[in-house]
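S.K.: Given next are the chains, with one letter for each unit.
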Amino acid sequence: MPGELDGAVTVVTAAQTGIGRGLALAVSGAGACVALLGDPEALAPAVAEIEARDGRAVAIDVSFGTRDDVRQAFDEAADELGGPVTGVVHTWMPPEAFERGPLEQVDDDRWNAVWEGAMQAALFVLQAGYAPMRAAGHGRFVFVTPTIALSGAEQLVPYTAAVEGQRVLAKSAARQWGPDGITVNCVAPAPELVPVGVDSMVVSLAPPALGRAGDAETDLGAVVVSLLGERGAFLTGLTLCADGGVWMAP
Amino acid sequence: MTDGHGRPLAGRTAVVTGAGQGVGRGIALALAARGANVVVAARRAETGEPVAEEIRARGDEAVCIVTDVTERDAVAACVDATVARYGGLEIMVHNAYQGSTRHRVEELDVDLWRTNSRTAVWGSFYCAQLAFPHLRAAGRRGRLILLTSPAGVEGSVFIPAYGAVKGAQRAIAKSLSREWGPFGITVNCIAPVAETPALAVAFESNPVLRERVEQRTSLRRIGDAEPDIGGVAAFLAGDDAAYVTGQTVVCDGGSFMGL
Chain E
0 MPGELDGAVT VVTAAQTGIG RGLALAVSGA GACVALLGDP EALAPAVAEI EARDGRAVAI
60 DVSFGTRDDV RQAFDEAADE LGGPVTGVVH TWMPPEAFER GPLEQVDDDR WNAVWEGAMQ
120 AALFVLQAGY APMRAAGHGR FVFVTPTIAL SGAEQLVPYT AAVEGQRVLA KSAARQWGPD
180 GITVNCVAPA PELVPVGVDS MVVSLAPPAL GRAGDAETDL GAVVVSLLGE RGAFLTGLTL
240 CADGGVWMAP
Chain C
0 MTDGHGRPLA GRTAVVTGAG QGVGRGIALA LAARGANVVV AARRAETGEP VAEEIRARGD
60 EAVCIVTDVT ERDAVAACVD ATVARYGGLE IMVHNAYQGS TRHRVEELDV DLWRTNSRTA
120 VWGSFYCAQL AFPHLRAAGR RGRLILLTSP AGVEGSVFIP AYGAVKGAQR AIAKSLSREW
180 GPFGITVNCI APVAETPALA VAFESNPVLR ERVEQRTSLR RIGDAEPDIG GVAAFLAGDD
240 AAYVTGQTVV CDGGSFMGL
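If you read the protein sequences in the order shown, they are chains E and C.
According to numbering that gives the first Met the number 0, numbering within the first sequence proceeds without interruption in unit steps and concludes at 249.
According to numbering that gives the first Met the number 0, numbering within the second sequence proceeds without interruption in unit steps and concludes at 258.
If you are wondering where the hints come from, they were derived from the structure by calculation, not from laboratory data.
Careful: at least some of the hints might be erroneous.
Unchecked claim - Partial pick of chain E residues on the chain C-facing surface, computed with a CB cut under 8 Å:
hint: 1; residue: Gln154
hint: 2; residue: Leu168
hint: 3; residue: Gln175
Heads up, the beta-carbon is just placed ideally off N, CA and C, and yes, glycines get one too.
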């Protein structure tokens with residue numbers, strides 16, 4: 000709904016393409032001021048698109064490699080957008096994560112890049128968001144955790160491990176930070192929305208009940224905006240499978 | 000030699016990491032009792048050797064190989080020594096884990112994270128990858144079993160890093176079950192709750208925890224590693240479970256029921 004996130008300073012990671020970009024547009028469309036964290040050059044078109052729709056966005060340079068790097072980016076977001084960060088949509092994964100290959104060909108460098116890169120980035124993002132949210136007395140984290148990690152997929156062992164690691168880390172954070180008014184949830188899109196070259200038939204024999212894998216901005220965006228806004232206040236530790244009706248457990 | 004189980008794993012060889020104590024020890028004893036040659040892979044000989052001796056004292060077959068699962072070369076050496084001694088490796092069980100210091104997410108530092116990550120997840124990676132040529136050679140007798148936890152499904156309010164790495168292990172098992180299924184290899188997880196030194200420490204630091212755990216457990220008792228967890232591992236390791244793969248078997252006396 001327009002105005003649902005009115006003025007809330009919200010961080011979106013990896014908004015240059017795909018899911019991140021769609022969610023940044025959705026969050027901005029609901030009234031949030033968005034800080035897009037990543038490579039500013041790559042993010043420039045997304046910033047321009049949000050501004051063309053009369054939204055407010057800034058791109059902030061961050062590599063997700065250290066805790067201080069991410070913390071500084073959150074501080075910069077607050078300074079530039081005029082308020083503490085109270086919402087985070089984390090979609091970033093190391094680029095190597097999406098490369099498929101059998102486990103016997105995965106070397107230590109690749110495992111480190113995907114697994115440690117993804118998990119430490121998720122941890123640093125949680126830690127950077129916690130302080131301003133705790134001070135504000137409320138906050139929202141949404142992690143994007145594709146259903147393919149729930150089902151498992153051949154030749155994607157490091158990727159699926161990193162997604163599930165993040166998903167369970169989010170649940171633990173939800174348990175610890177509930178008393179601070181902070182919610183932590185996951186939204187699980189269909190594999191078609193992830194650049195790994197597999198489709199929903201990997202997840203289930205049944206096609207999507209709604210007949211399509213979904214659009215990042217409109218379909219996933221509606222779910223993410225709901226979780227970020229007032230209507231999400233009593234939901235935490237959840238995984239919402241917004242995949243058009245493929246994965247139906249539990 | 001223990002009676003009552005038969006010797007369904009006779010002629011097969013298992014490596015069990017973290018087998019110097021607790022759940023790993025229980026699984027090592029149970030697999031050996033069912034006829035498997037067991038490699039007690041422990042980080043320290045002081046804990047691993049007595050377990051191997053205990054197994055041999057029962058008339059079963061075991062050897063201790065000191066192995067740090069966070070080191071690729073150490074896992075490779077363990078696998079090589081196992082195959083050199085017993086002629087093959089059919090069953091790889093990765094149970095070793097360290098890092099269950101209580102913490103909060105906002106204070107979790109990279110060192111404690113890495114302790115969790117290196118033992119549980121890098122250990123799974125190394126055990127899986129280095130055992131793979133032998134599991135593939137074993138075909139329909141090939142088994143990878145990863146020890147995870149209910150915390151890997153529902154998260155943990157006390158040890159978030161533990162929940163995260165245990166959750167990741169479940170995804171590794173699911174993806175590998177699909178990747179290795181065509182060879183006949185099965186990959187599964189066991190999520191146990193049993194009396195272990197680690198649980199004893201947790202109960203000591205939080206005295207009401209034992210009562211709460213027992214009250215929440217349908218069977219009103221905490222598992223005994225060899226019969227309660229080892230028996231399930233032996234089932235997954237044997238022919239009766241040849242068509243079970245990608246699964247997590249929760250062995251906690253009926254507490255967590257979220258699967």
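S.K.: Could you run down the list of hints and mark each one as holding or not?
M.R.: We went through each hint and held it up to the structure:
1. Gln154: At 6 Å from the nearest chain C Cβ, Gln154/E passes the 8 Å test, so the hint holds.
2. Leu168: Cβ of Leu168/E sits 4 Å from chain C, so the hint holds.
3. Gln175: holds (6 Å)
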